[in-house]
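My request is simple: use the sequences and hints to build the entire structure.
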Amino acid sequence: MLKVLNLNCGYGESSVLRGLSFELKEGEVLSLIGPNGAGKTSGLLCLMGLVDCHGGDIFFKDKNITSLPSDKRILEGLAVVPEGRRIFPNLTVFENLMAGGHILTSEECEKGILKSYEYFPILKERKNQKAGLLSGGEQQMLAVSRGLMVNPKVLVVDEISLGLMPKMVDECYKVLKKLKDEGLSIILVEQNTEKALEFGDKIIMLEAGQIVWEGDSVTATKENIVQKIFT
Amino acid sequence: MDYEITLLTTMSISILFALALNFVTGLCGQISLGHAAFLGTGAYTSAMMTKASYPFLLTLPFAALTSGILGFFIGLCSLRVRHDFLAITTMGVGFLFVGVVRQQDFLGGEVGISGIPSPGFSRFWFLVFCLFLASLFAFFSLRIKKSWMGKVFESISDDEDVTRSLGINVSHYKIFAFVIGTSVAGVAGALYAHHLRFIGPDSFGFVESVSVLAMVIIGGVGSVWAVSITAAFLSVLPMVFQFVDDYKLLFYSALLFFMMRFSPEGLKGLVEKIKKNRKSKLDKENKNEQKAS
Ligand SMILES: Nc1ncnc2c1ncn2[C@@H]1O[C@H](COP(=O)(O)OP(=O)(O)OP(=O)(O)O)[C@@H](O)[C@H]1O
Ligand SMILES: [Mg+2]
Numbered sequence: 003m004l005k006v007l008n009l010n011c012g013y014g015e016s017s018v019l020r021g022l023s024f025e026l027k028e029g030e031v032l033s034l035i036g037p038n039g040a041g042k043t044s045g046l047l048c049l050m051g052l053v054d055c056h057g058g059d060i061f062f063k064d065k066n067i068t069s070l071p072s073d074k075r076i077l078e079g080l081a082v083v084p085e086g087r088r089i090f091p092n093l094t095v096f097e098n099l100m101a102g103g104h105i106l107t108s109e110e111c112e113k114g115i116l117k118s119y120e121y122f123p124i125l126k127e128r129k130n131q132k133a134g135l136l137s138g139g140e141q142q143m144l145a146v147s148r149g150l151m152v153n154p155k156v157l158v159v160d161e162i163s164l165g166l167m168p169k170m171v172d173e174c175y176k177v178l179k180k181l182k183d184e185g186l187s188i189i190l191v192e193q194n195t196e197k198a199l200e201f202g203d204k205i206i207m208l209e210a211g212q213i214v215w216e217g218d219s220v221t222a223t224k225e226n227i228v229q230k231i232f233t
Numbered sequence: 357m358d359y360e361i362t363l364l365t366t367m368s369i370s371i372l373f374a375l376a377l378n379f380v381t382g383l384c385g386q387i388s389l390g391h392a393a394f395l396g397t398g399a400y401t402s403a404m405m406t407k408a409s410y411p412f413l414l415t416l417p418f419a420a421l422t423s424g425i426l427g428f429f430i431g432l433c434s435l436r437v438r439h440d441f442l443a444i445t446t447m448g449v450g451f452l453f454v455g456v457v458r459q460q461d462f463l464g465g466e467v468g469i470s471g472i473p474s475p476g477f478s479r480f481w482f483l484v485f486c487l488f489l490a491s492l493f494a495f496f497s498l499r500i501k502k503s504w505m506g507k508v509f510e511s512i513s514d515d516e517d518v519t520r521s522l523g524i525n526v527s528h529y530k531i532f533a534f535v536i537g538t539s540v541a542g543v544a545g546a547l548y549a550h551h552l553r554f555i556g557p558d559s560f561g562f563v564e565s566v567s568v569l570a571m572v573i574i575g576g577v578g579s580v581w582a583v584s585i586t587a588a589f590l591s592v593l594p595m596v597f598q599f600v601d602d603y604k605l606l607f608y609s610a611l612l613f614f615m616m617r618f619s620p621e622g623l624k625g626l627v628e629k630i631k632k633n634r635k636s637k638l639d640k641e642n643k644n645e646q647k648a649s
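These protein sequence lines are chains F and G, in that order. Numbered according to this note's numbering, the first sequence spans residues 3 to 233. Numbered according to this note's numbering, the second sequence spans residues 357 to 649.
Keep in mind that the hints were calculated from the coordinates and are not lab data. Source: prediction; values computed, not measured. Positions of the beta carbon are idealized from the N, C-alpha and C atoms, including for glycine. Just so you know, not all the hints are guaranteed correct.
Ranges of calculated distance between the beta carbons of each label pair, as one might list FRET restraints [as the list claims (entries may be wrong)]:
1) 131/F - 636/G: 13 to 23 Å
2) 127/F - 503/G: 17 to 27 Å
3) 498/G - 131/F: 16 to 26 Å
Some chain G residues flagged as far from chain F (calculated, every beta-carbon gap over 10 Å) [as the list claims (entries may be wrong)]:
4) 362
5) 438
6) 462
7) 474
8) 592
9) 625
10) 630
11) 632
See the structure below:
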């Protein structure tokens with residue numbers, strides 16, 4: 003589905019991520035973990051075409067999309083749920099979802115919105131409320147739904163559990179699990195290592211812009227990771 | 357009566373100009389600190405044309421066109437620079453405009469253009485025409501604001517990066533906002549030139565850019581009604597009070613400062629706050645009464 007080869011990225015002259023490679027199959031989950039400033043967010047944004055790519059290749063469904071602008075990548079089937087939610091606070095819940103489906107026809111858009119309401123019934127209740135007035139957890143649900151509007155093949159999710167209480171986190175993960183079972187591939191950035199190990203089929207650990215450890219859900223035990231962090 | 361007509365005409369032209377800036381800054385979140393340059397471009401275009409004895413109405417589309425073309429290029433700049441840098445860039449455009457016009461003999465240089473012909477209708481009908489254009493654009497702005505495009509503008513002004521990450525072509529929208537906001541400023545400039553019958557480089561300097569920005573911000577960024585009312589009010593102040601005219605920059609800057617300090621959402625925000633306070637007070641009283649009874 004998605005294949006990344008030796009990806010380098012950065013801002014202007016400075017390089018913040020070097021040599022990221024991985025392959026993601028349909029319905030697979032890749033967890034990216036690592037300390038603050040490791041370059042996780044930058045890597046995701048580079049996948050989306052929002053941060054300069056300094057080298058390497060990104061193949062999506064065997065097509066090289068490295069130089070495609072971000073709106074074209076979304077049409078191909080990539081979507082992102084950005085770090086820190088970043089919903090549009092002055093638009094209503096409904097309008098936020100519409101913004102997510104901006105590139106779709108109005109019928110597809112309607113379908114997408116109904117689907118979001120199905121996943122997160124609370125959004126239906128709040129549909130005409132300004133998104134800025136939602137609770138943190140509801141905002142996160144809205145951010146996920148907004149990303150899902152385009153019916154992507156690969157969803158890139160950045161720190162979904164940031165600032166949420168455990169119950170909310172579980173709720174969000176329940177939906178991600180459902181999506182995964184439906185065949186969606188997910189790239190997850192997560193500070194909550196436990197969740198990342200539990201949910202990820204593949205795990206990549208980044209530090210200072212480089213892969214320092216990678217493995218699958220079998221080899222990645224908590225001890226393994228902790229050991230890696232502290233040695 | 358003549359005096360009132362002059363006052364009202366000034367108001368209508370200012371409303372049109374302020375709404376033009378509101379389209380860029382209020383709806384789409386792109387600051388312009390040199391909007392007077394677009395007013396000037398339209399004014400000079402139209403004045404030169406009527407002086408060459410083209411009919412006034414015919415000059416309006418050309419005023420819109422020249423300003424709009426200039427606005428298109430500034431729009432392109434807005435794709436590269438943002439926020440404070442965009443403010444500085446547009447401010448630079450404002451200074452550049454005045455600087456260039458001063459040097460051009462065919463534009464009247466320092467002295468400007470005087471003896472601009474009458475627009476061809478009486479002062480009263482000219483007022484009606486200005487009012488008509490201002491209302492038309494107010495209506496258009498309101499429609500856009502409610503429309504799907506207005507929502508995209510809002511999301512760009514909220515969070516440009518995320519809007520882009522949703523696959524929305526932010527550049528197109530920004531350029532569109534600039535082109536509309538500047539070509540309408542050009543039309544306002546054409547009206548301005550034929551209202552005063554005299555224009556000079558100083559009519560379109562930094563002070564004018566700041567005053568119009570003050571109208572938009574003091575009114576309440578984005579709100580068509582609040583911006584119109586503020587523009588109407590602020591535009592005639594210098595005509596009524598001499599001291600405001602003498603210390604224009606100081607006056608508008610002070611107003612801006614106090615507004616930013618005490619009600620960043622402008623008069624619109626202030627009114628909403630007062631409404632809310634009153635409502636919560638009423639609620640409280642109601643509760644107290646209920647308790648008492
Ligand atoms: N817009 C930017 N311009 C320049 N440098 C940036 C920018 N954003 C991030 N960086 C730098 O890139 C590096 C990686 O940042 P990034 O946000 O990708 O880390 P992260 O792994 O997502 O961290 P966190 O866990 O805190 O979210 C950091 O050193 C940061 O300072
Ligand atoms: Mg991050």
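Now the hints, each set against the structure:
no. : hint                      : result
1   : 131/F - 636/G: 13 to 23 Å : holds, 19 Å
2   : 127/F - 503/G: 17 to 27 Å : holds, 26 Å
3   : 498/G - 131/F: 16 to 26 Å : holds, 23 Å
4   : 362                       : holds, 39 Å
5   : 438                       : holds, 14 Å
6   : 462                       : holds, 43 Å
7   : 474                       : holds, 45 Å
8   : 592                       : holds, 32 Å
9   : 625                       : holds, 13 Å
10  : 630                       : holds, 20 Å
11  : 632                       : holds, 14 Å
Of the numbered hints stated above, none is contradicted by the structure.
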